[in-house]
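Novice: Chain H is already provided as a structure; the job is to place chain L on it using the hints.
2 protein chains.
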Amino acid sequence: MPQEPLAYSRSQREHYLHTLHDFLRIPSISTLPEAEPDIQRAAQWLADTMAGIGLDQVALMPTAGYPVVYGEWLGAGPEAPTLLFYGHYDVQPVDPVAEWLSPPFEPTVRNNQLFCRGASDDKGQVALVLAAVDSYLRTEGRLPVNLKVMIEGEEEIASPNLTAWVEQHKALLACDAVLICDSNILAEDLPLINHGTRGMAYLEVELQGPATDLHSGSFGGAVDNPFNVLVRILAQLQDGETRRVLIPGFYDRVAPPDAQEQRLLAQLPISDQVVQMQTGAPAVAGETGYTAAERLSVRPTLDIHGMPGGFTGKGGKTVIPAKAAAKVSMRLVPDQDPAEIAALFERAVKSLAPATVKVTVRTLGLARWSLVDLHAPAIQAAAQAYQAGFQAAPLFMRGGGTLPIVAEFQDTLGAPVVMMGFGLPDDNAHAPNEKLSLACFYRGIETVIHYLALLPEAMRKSGQ
Amino acid sequence: MPQEPLAYSRSQREHYLHTLHDFLRIPSISTLPEAEPDIQRAAQWLADTMAGIGLDQVALMPTAGYPVVYGEWLGAGPEAPTLLFYGHYDVQPVDPVAEWLSPPFEPTVRNNQLFCRGASDDKGQVALVLAAVDSYLRTEGRLPVNLKVMIEGEEEIASPNLTAWVEQHKALLACDAVLICDSNILAEDLPLINHGTRGMAYLEVELQGPATDLHSGSFGGAVDNPFNVLVRILAQLQDGETRRVLIPGFYDRVAPPDAQEQRLLAQLPISDQVVQMQTGAPAVAGETGYTAAERLSVRPTLDIHGMPGGFTGKGGKTVIPAKAAAKVSMRLVPDQDPAEIAALFERAVKSLAPATVKVTVRTLGLARWSLVDLHAPAIQAAAQAYQAGFQAAPLFMRGGGTLPIVAEFQDTLGAPVVMMGFGLPDDNAHAPNEKLSLACFYRGIETVIHYLALLPEAMRKSGQ
Chain H
1 MPQEPLAYSR SQREHYLHTL HDFLRIPSIS TLPEAEPDIQ RAAQWLADTM AGIGLDQVAL
61 MPTAGYPVVY GEWLGAGPEA PTLLFYGHYD VQPVDPVAEW LSPPFEPTVR NNQLFCRGAS
121 DDKGQVALVL AAVDSYLRTE GRLPVNLKVM IEGEEEIASP NLTAWVEQHK ALLACDAVLI
181 CDSNILAEDL PLINHGTRGM AYLEVELQGP ATDLHSGSFG GAVDNPFNVL VRILAQLQDG
241 ETRRVLIPGF YDRVAPPDAQ EQRLLAQLPI SDQVVQMQTG APAVAGETGY TAAERLSVRP
301 TLDIHGMPGG FTGKGGKTVI PAKAAAKVSM RLVPDQDPAE IAALFERAVK SLAPATVKVT
361 VRTLGLARWS LVDLHAPAIQ AAAQAYQAGF QAAPLFMRGG GTLPIVAEFQ DTLGAPVVMM
421 GFGLPDDNAH APNEKLSLAC FYRGIETVIH YLALLPEAMR KSGQ
Chain L
1 MPQEPLAYSR SQREHYLHTL HDFLRIPSIS TLPEAEPDIQ RAAQWLADTM AGIGLDQVAL
61 MPTAGYPVVY GEWLGAGPEA PTLLFYGHYD VQPVDPVAEW LSPPFEPTVR NNQLFCRGAS
121 DDKGQVALVL AAVDSYLRTE GRLPVNLKVM IEGEEEIASP NLTAWVEQHK ALLACDAVLI
181 CDSNILAEDL PLINHGTRGM AYLEVELQGP ATDLHSGSFG GAVDNPFNVL VRILAQLQDG
241 ETRRVLIPGF YDRVAPPDAQ EQRLLAQLPI SDQVVQMQTG APAVAGETGY TAAERLSVRP
301 TLDIHGMPGG FTGKGGKTVI PAKAAAKVSM RLVPDQDPAE IAALFERAVK SLAPATVKVT
361 VRTLGLARWS LVDLHAPAIQ AAAQAYQAGF QAAPLFMRGG GTLPIVAEFQ DTLGAPVVMM
421 GFGLPDDNAH APNEKLSLAC FYRGIETVIH YLALLPEAMR KSGQ
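In order, the protein sequences belong to chains H and L. Start counting the first sequence at 1; every next residue gets the next number (this note's numbering). Start counting the second sequence at 1; every next residue gets the next number (this note's numbering).
The shape of chain H in the complex, shown without the other chains:
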């Protein structure tokens, strides 16, 4: 038991929390071009903090987009395993801003929850790992593992430049395991290891009908309204009863879960009732023939995120808009191929469109799904660390979200990826009033301290 680091981390909770506040105040929204100076500021803040706790070689390493902040501590010796920690310092947009109960970039604690954009996804989880490292280095003067830290700034825009960067720096990043803290557990006393992620194809469909907006009094009835056409097309992409996606070929490569996976799914305390309670929906529904746990992990989805165009202000405006658009993403599972799904989507949309509109389909993002070997020692050590940090054995579930880098790390570095998260399902990630449970933050620090201590022994036992 790493008693000294644990005790020290408890004594420094206020300090670590205030350090996180400073990180959270920087509105590093990667999808907004105008936020570029803030992204750079967040990267610099992170580099200063990493150097401050004792990491070496700290640098803002350039990519074709925003920099990766890198640092390392390699003093554990050649026998000790090397752990690569990955996180991200960029955050989601904040709209609808009116729904925030406190300003989105002003860290505010209410009911032992820290509210701020990025609190859970992912600044809070990055901060707790750095706190664990700090506690170790301040007390023991060393870590039990060699540590490499890379924190990127483009995760929320699907990491367009990360694959190239990882391949370019393959030698620098060489490691025995990768740790990612960017996921949710099920409840404050129900830790969870994600042994996979869903992929994604995010597309935007735009229909152009008339050359300009028209007055619906002058032209209504004699031209196709692009929104009327668009809702018909979108409605035909998903069955209203079974919620099956109707894009031809969509399910062709979906692999059913194996027996082990089915046992793990059956253990999950996730049901329609739980989802309904967590979301506050009047009722829930999903793909016929699958449980809530399956729908959230091993089944693909199709979601419309917004429909730009026309008049959306207060009151009424009788316009037939020249253009109507929809932002649509599909979460993908093994063995669906994101580029193939994007092509199937585009073909389906175009085949459903009448001659009265011109269809443009743009790809906003593609990301691969991933699967991690449950039996890898780095994963088993994570299970022990959760037990120690939360006094509860973790459950295992493929994550419903998308972390494009997981498959990339496994392929390029040949190392298993450990997804040990500390968010909660009601953290409102990507939504107004995002928050982080302070209990999860503090337990997270201790769990990571345990993990740093447990990893060498687990790797040794397995002979890896």
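The set of hints was computed from the structure by calculation and includes no laboratory data. Please note: incorrect hints may appear among the correct ones.
Any copy will do: because identical chains look the same in the list, a pair fits if it lies in one copy or spans two.
What the hints assert, rightly or not - Pairs of lysine to aspartate or glutamate, EDC-like flavour, derived with a Cα cap of 20 Å: (1) Lys358 to Glu72; (2) Lys314 to Glu79; (3) Lys350 to Glu36; (4) Lys170 to Asp411; (5) Lys170 to Glu340; (6) Lys314 to Asp95; (7) Lys358 to Glu206; (8) Lys358 to Glu204; (9) Lys358 to Glu188; (10) Lys358 to Glu4; (11) Lys170 to Asp335; (12) Lys461 to Asp373; (13) Lys358 to Glu241; (14) Lys350 to Asp239.
Specialist: Chain L alone, transformed into the frame defined by chain H:
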């Protein structure tokens, strides 16, 4: 022939155009609460101008909303007919503002077209009537008719307070005919009299699913996305092949045009080809079994104007929005009842909604259709005036737009309503780059001068 007023009006074209510029510069967008001071400013500008040309009793008359600007000239004597002129000084919003080639409230002449929000709908048409009156009064010192002028400020928000105001001021408004200049002709040499208007029911549907926005990675697949549900519901309101509205009961009261109407419809030079050319759509489509002219005048419609909610910014955001909404209007024809149609719409939407969403349907506006007796002397005088002003006999068509006050005037004042417009189908009313043809503006002034001259004789002949 009123030679002096005509000659004077020609000499004053620049002056009348510049006066219109001043009117157009005031951004009197009635649907925007923040535009209230501008609406008041537009009303005051109008009152000053009406007093300036010699109208009496000019006043901003209060309503429960924005004021009606009233003025009169009653010096023609008890034997002369009394004409009530109606127009509006409010305008539509300007979004999408990026599509304007010149600033929306900066009058700009290009290619003999005056570009500005309100140029055609309706400030330009109000200005040309006032110019005609001015030309008469400056030259003859009197008008051939008694004239009452009422210009309202809430037409673009469906005139919520006008019915009450007209009923309250029934005596003040007593007249033999009503003139409205707020419609389009077919081309610069194809004048058109609208002998009817479509009604309207404008509704907003809002679906609430989850209590807050959700991350589609965390919850996608296990909850109904309100946008996915909404497109399914909306798609079921209109047949994708026939473009028939599928709301049960929608067509129950639609009266087929009579033989006279069918003859007039057959004379209209409106075809799918013309509509396609006017709108720039790749192809056009409408209700199966009806011609373009019928679809635009004697058939009802359903149009989606915009779908608020979710993420509509640049890039991608993977949100399952808590709410999704749609703004939908239906243009209505004899004998559909707007309130009944609104109720049928609400019932249909609610019956199509699954238990996973809460449905709210708000009525944003209801307006009655109207029909005018073609044989009324005031209409026949308008036909003669067009012939004199445009050197072309007008066609007759029920207007596709909505002027809620037409039915109200006919019922309350017992006077026929003459809809003599000077806009063109490509004027971009309600759209970016709204404009008015200067040729129409100048011909409009002369046509109204002719109308003032012709009306007394037409009324006398008919013994009215």
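Novice: Hint by hint, note whether the structure agrees.
Specialist: So, going through the hints one by one against the coordinates:
1. Neither within a single protomer nor between protomers do Lys358 and Glu72 lie at most 20 Å apart by alpha-carbon distance, with minima of 52 Å and 52 Å respectively.
2. Taking CA atoms no more than 20 Å apart as the test, Lys314 paired with Glu79 passes in neither setting, with 66 Å inside one copy and 48 Å between copies.
3. Taking the shortest alpha-carbon separations for Lys350 and Glu36, neither the intra-copy value of 36 Å nor the inter-copy value of 45 Å comes in at or below 20 Å.
4. Taking the shortest alpha-carbon separations for Lys170 and Asp411, only the intra-copy value of 11 Å comes in at or below 20 Å, while the best inter-copy value is 82 Å.
5. For the identical chains of this complex, Lys170 and Glu340 are neighbours neither inside a copy (28 Å) nor across copies (69 Å), given an alpha-carbon limit of 20 Å.
6. Taking CA atoms no more than 20 Å apart as the test, Lys314 paired with Asp95 passes in both settings, with 17 Å inside one copy and 12 Å between copies.
7. Taking identical chains as interchangeable, the C-alpha atoms of Lys358 and Glu206 lie at most 20 Å apart only when both belong to the same chain, with a minimum of 8 Å there against 28 Å between chains.
8. Taking the closest pair of Cα atoms, Lys358 and Glu204 come within 20 Å of each other only inside a single copy of the chain (14 Å); across copies the shortest separation is 27 Å, beyond that limit.
9. For the identical chains of this complex, Lys358 and Glu188 are neighbours neither inside a copy (50 Å) nor across copies (31 Å), given an alpha-carbon limit of 20 Å.
10. Proximity of Lys358 to Glu4 under the C-alpha cut-off of 20 Å is found in neither arrangement, the shortest distances being 66 Å within a copy and 54 Å between copies.
11. Proximity of Lys170 to Asp335 under the C-alpha cut-off of 20 Å is found in neither arrangement, the shortest distances being 26 Å within a copy and 74 Å between copies.
12. In this homomeric assembly, Lys461 and Asp373 come within 20 Å of each other (Cα to Cα) only inside a single copy, at 17 Å, whereas the closest approach across copies is 97 Å.
13. With identical chains, the CA atoms of Lys358 and Glu241 are at most 20 Å apart between copies only, with a shortest distance of 18 Å across copies and 30 Å within one.
14. For a Cα distance limit of 20 Å, the shortest separation of Lys350 from Asp239 qualifies both inside one copy, at 18 Å, and across copies, at 19 Å.
The structure is inconsistent with the numbered hints 1, 2, 3, 5, 9, 10 and 11, although it conforms to all the rest.
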